[in-house]
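Asks: Spelled out, the chains give:
2 protein chains.
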Amino acid sequence: MPAATLSELCINSIRFLAIDAVEKAKSGHPGLPMGAAPMAFVLWDQFMRFNPKNPAWCNRDRFVLSAGHGCMLQYALLHLTGYDSVTIDDIKQFRQWESKTPGHPENFMTSGVEVTTGPLGQGIANGVGLAMAEAHLAARFNQPDATIVDHYTYVILGDGCNMEGISGEACSLAGHLGLGKLIALYDDNHISIDGSTDVSFTEDVSKRFEAYGWHVLHVADGNTDLEGIARAIAEAKSVTDKPSMIKVTTTIGYGSPNKGNTADVHGAALGASEVELTRKNLSWEFPPFELPPDALAHFRKAVDRGASAEAEWNEVYATYKSKYPTEAAQFEAFLSGVLPEGWEKSLPTYTPADKGLATRKHSEITLNAIAGSVPQLLGGSADLTHSNYTQLKGTGDFQKGQYVNRNLKFGVREHGMGAICNGIALHGGLIPYCATFLVFADYMRGAIRLSALAEAGVIYVMTHDSIALGEDGPTHQPVETLASLRAIPDLLVFRPADGNETSGAYKVAIENTVAAKKRPSLLAFSRQNLPNLEGTTIEKVATGGYILSDSEGTPEIILIGTGGELYLCAEAAKQLREAGKKVRVVSLPCWELFEEQDAAYKESVLPKAVTKRLVVEAASDFGWHRYIGDGGDMIAIEGFGASAPGNVILEKYGYTVDNVVARAKALLG
Amino acid sequence: MPAATLSELCINSIRFLAIDAVEKAKSGHPGLPMGAAPMAFVLWDQFMRFNPKNPAWCNRDRFVLSAGHGCMLQYALLHLTGYDSVTIDDIKQFRQWESKTPGHPENFMTSGVEVTTGPLGQGIANGVGLAMAEAHLAARFNQPDATIVDHYTYVILGDGCNMEGISGEACSLAGHLGLGKLIALYDDNHISIDGSTDVSFTEDVSKRFEAYGWHVLHVADGNTDLEGIARAIAEAKSVTDKPSMIKVTTTIGYGSPNKGNTADVHGAALGASEVELTRKNLSWEFPPFELPPDALAHFRKAVDRGASAEAEWNEVYATYKSKYPTEAAQFEAFLSGVLPEGWEKSLPTYTPADKGLATRKHSEITLNAIAGSVPQLLGGSADLTHSNYTQLKGTGDFQKGQYVNRNLKFGVREHGMGAICNGIALHGGLIPYCATFLVFADYMRGAIRLSALAEAGVIYVMTHDSIALGEDGPTHQPVETLASLRAIPDLLVFRPADGNETSGAYKVAIENTVAAKKRPSLLAFSRQNLPNLEGTTIEKVATGGYILSDSEGTPEIILIGTGGELYLCAEAAKQLREAGKKVRVVSLPCWELFEEQDAAYKESVLPKAVTKRLVVEAASDFGWHRYIGDGGDMIAIEGFGASAPGNVILEKYGYTVDNVVARAKALLG
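Protein chains in written order, with the numbering used here: chain S, 1 to 669; chain Z, 1 to 669.
Careful, some of the hints might be misleading.
Any copy will do: because identical chains look the same in the list, a pair fits if it lies in one copy or spans two.
To be verified - Computed cross-link-like contacts, DSS-like style, restricted to lysine-lysine with a CA-CA straight-line distance of at most 30 Å:
| hint | residue 1 | residue 2 |
| --- | --- | --- |
| 1 | K582 | K665 |
| 2 | K92 | K652 |
| 3 | K26 | K652 |
| 4 | K581 | K608 |
| 5 | K608 | K665 |
| 6 | K602 | K665 |
| 7 | K207 | K237 |
| 8 | K608 | K582 |
| 9 | K540 | K608 |
| 10 | K602 | K612 |
| 11 | K280 | K92 |
| 12 | K207 | K400 |
| 13 | K393 | K26 |
| 14 | K24 | K355 |
| 15 | K540 | K602 |
| 16 | K53 | K517 |
FYI, nobody ran anything at the bench for these hints, they're computed from the structure.
From just these sequences and the hints, can you work out the full model?
Replies: Laid out in structure tokens, this is it:
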């Protein structure tokens, strides 16, 4: 047997780090790293520009492992190329409590990991977002004589990613947008968990990507044809007006004599004897977690290469900065997440004398009011631009060749939209928002959850937030949707009642996109007009819940409202007070923020002793018992909505001032 | 101007019913009906087999308007062809309270509507399910000399449906399965709400469908080339080993001189003056809601045609019944939703002496135990067959040419899977189940909601139901997922604690798929082993919540548990009782069922006076305050999960007997 080449040593270093880490953890997915090691090696060795000692270098190429279960591939690469975040001890701690090497790649755990992947299809959609962010920042900041934003986004995805609808949505849009710097390597190994892809997935993936407008290539032997892989990536880079998809045909679990090319190697340790046989088969003489010095030395050249690349960029940037100081200052502010001083002064405020509008209209006014003071803001809707009211005036549509524009047109692709926005947010430098009807949060929930988990500062603009939307009927009317979203950890869910609360919600939402721990926000807006209320302010929204109006002394009853029903509480309170009742009205636009207040504040708003509480929200009561308490009540919706004019439905479901008064009186006894 | 042909009169009858109904409601979507009227007319007039006077005739062709916003097209067709469910007065009540003509097609409101559509992409995926149900029933029941199941599924879908990922998932699977009796007409009108599809959707849809393995046709002039449409449908029918997609290029709002071919006509009334101009333009002399007698007479021939078709089928069926009485009896039982007498006796029962298993394993045992006694059951997993444990033994995989088999292989397509199962359930005759990890309910929530809304008896088998799944980490660990699902109206969410509760959950789930008002169920199962508990029974699960064990007299504290944490409560109760405390343990496997019990029963299980309650569930506390009450507490998860072995995570998050005891003692003071 001939001596292994250096490349073989390097590739097998990746494979055995994966094999041995999974074996030690007795848990994990060795198959993908074993099969995709050659393409990953070629990509990271010959093409990827990155600086292991500064994973945050802004012009690094982005790498996304969309097939996140194969995370040992990524950890191996990070370790081998010299990232400090993944030591050999970290690899030995694969999948253990608080380790840097969790069971799927988590950007908030491991420096060098760009995005959190694992739920299939998310990563490739994130990759589309990363490439859109690059294209936009390049268009905004590059100058004819100084290119400071210029990097690629590389994605490795598998059969599972390609079966998921979200990847189709995002890739169709990527093709439309002609994102030439997006290069996807499809690990075509013909195996998914249920066995051969022949059981459910026999479509022609390459042809589908061609239909999307991608540049498509094929490497027939992804196991050993390193030159073929390199040639394909080079060719992909040479096509600048289309994203490229390289189908790389591989063998899952390559090297394992009995489990290679079977589903057995997908998601379980090989087992001691098969590890032994694989070592023999690949002529691997090193004990677990030991690496051939030559291979390690070769990989570690990435450290110098990365330092040089960044130094080179620094020079370009120094020139840029001296010639374009204003642009450079803004570029740095974008990247460091600094909002322009006093930006919040652009938020509109209102008095009750101001004409009542739908809060979706207030949202439009607010977005346009802050578009100038928050220049890193960009976004759009899933084909509901003029229902969601999300168009920014004074800038055009982000399209092929017009990447400088800030209005994104996602098409009817909610799930892809959310994941794309996660990619934009995690690229750094930009604040993305995206929009659809509130009920279709259900279509994009996989991405919304990941915004929260991965600390991606995305703003979800969700209009038509209750049965009051009317005629479209129950398929379009959220009932349980607010509850389902409030349940997501680290997601700020707002339901503003009027203009001031809309401004207040945006203030907190924007601030959270650049906070130390970034949090996404979801803003639920009404379709119907609502009055501007006495007692609302921008500042109060930041408390999550506050006293809108009160009677003197201890209230006998507290009316709690949100969004479109708060004014019912305000009106009912007036009538009840006229009838001699002591009534407090509490607005609760954001539960999460209210729960974060100290106990004294919460008690001051909702005193435990006041058990007569009536909640008024045009939604399910699910989750509300936290505030209703044992002695309270709620005007809530059971079952689904109905098709009829909005005002008719509101009345039929009991959302009238008269009914609030009646239910309050019943509670008062 | 030449006199209108009869076909033109018929087509314009559809158009003006839509125009005038939307105009009267001042709400709705006239554009699609105006553009798609020609293809719909040709399809319903020349091809569709249905009996307007018996919409439930089992061998009718199924029609799905996937672009559900264009529902006036469907209501017009139902009215014109003589369905009793949609009178002209019903059409005048378009989008009004409790009308038969709601804002989107609702199968539970309007006889003749097969499935609820509106959320884009669902309908075409339902269509795949309808075609799979037909293929399966045909394979099960047809005999060489008697074909009793033999119908087509026709779908009209639009650009929006084709942008949604769910349609790609379902159509990829349909191509794989070679569903030759599925024929989709793609209303290619180049307009979506944001304007021209050029802004976001420029892929080659036909090529994509070819890549899926579909037979693809194109009618270039879908506005006037009725022969071309007819030829294409005939050709589609002639290809029996592939589903067919006919791209029919049309003009949205055809006939409206100023709004046709623009987004303005998509989702709003034309307005009086444009209606007037459209009447002139199409030479339509009839006032609103009046129809040309010739056209109506022609359409109404469907009544006789349908009666003949059914009569013909009845003859075939009579022969079948005499020759194959056993099969006929089963066929009738399937269609009428009758379960075999005593089927529930096949449900396994357990005692504490029986070896503890993961509830996902109990689920597998139960599915296989009832596969014989519930022969209409079929289903499978989204590529997690051997993790979800959903394979039925004794039958093979449902594949092209092997439609008789009952194991469905969905691939990694959760959203498509859910919608396909809705289609199977709403076809009638079958009980579908489908499976993935619980956390990925997020990917298919759009379909789960529609199961509940549309009364589709689907069983969702969701395994890996908590942080206890371990190493895969937070992307795979449900925390808020149970809450988000419990919030969905009319969905029964079960979290069984052991073998008996698993059997009990399946009993209720199966019964609800054939109830008068059908309800879907979602069963959450553990990855990890759990003991069989003293006090669980199949029957008790039907109450939703019950006393598992108790002390004598009034309890000082109630421990409430579900699923994998119930045994912690049982063990902690023993220790607390040994320490002299009066402790009740309540199992709450299904909130929805518990809430349906009468007040006396609920009080008997959870007496209001006992305010010291400790809930133990490895999930978010969201929604639990209903049972925790003002004086209770919960061992809950804040934030997301983590990657580590399951037992480590459970301990870190406080799910141990010791901690339950400690927290109970703290509550007791």
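Asks: Confirm or reject each hint.
Replies: Comparing the hints with the structure gives:
1. K582 x K665: The answer is within: 12 Å in one copy meets 30 Å, while 39 Å across copies does not.
2. K92 x K652: Answer is between; shortest inter-copy Cα gap is 21 Å, intra-copy 62 Å.
3. K26 x K652: Between copies only: 20 Å across, 58 Å inside.
4. K581 x K608: both (19 Å within a copy, 28 Å between copies)
5. K608 x K665: both (20 Å within a copy, 23 Å between copies)
6. K602 x K665: This pair counts as both: shortest intra-copy Cα distance 25 Å, inter-copy 26 Å.
7. K207 x K237: Cα proximity of K207 and K237: in one copy and across copies (20 Å, 25 Å).
8. K608 x K582: both (16 Å within a copy, 28 Å between copies)
9. K540 x K608: within (21 Å within a copy, 36 Å between copies)
10. K602 x K612: both (16 Å within a copy, 22 Å between copies)
11. K280 x K92: within (22 Å within a copy, 78 Å between copies)
12. K207 x K400: For K207 and K400, both the intra-copy (22 Å) and inter-copy (22 Å) Cα distances are at most 30 Å.
13. K393 x K26: between (56 Å within a copy, 29 Å between copies)
14. K24 x K355: Between copies only: 29 Å across chains, 66 Å inside a chain, cut-off 30 Å.
15. K540 x K602: Close inside one copy (13 Å), not across copies (40 Å); limit 30 Å.
16. K53 x K517: This pair counts as within: shortest intra-copy Cα distance 23 Å, inter-copy 62 Å.
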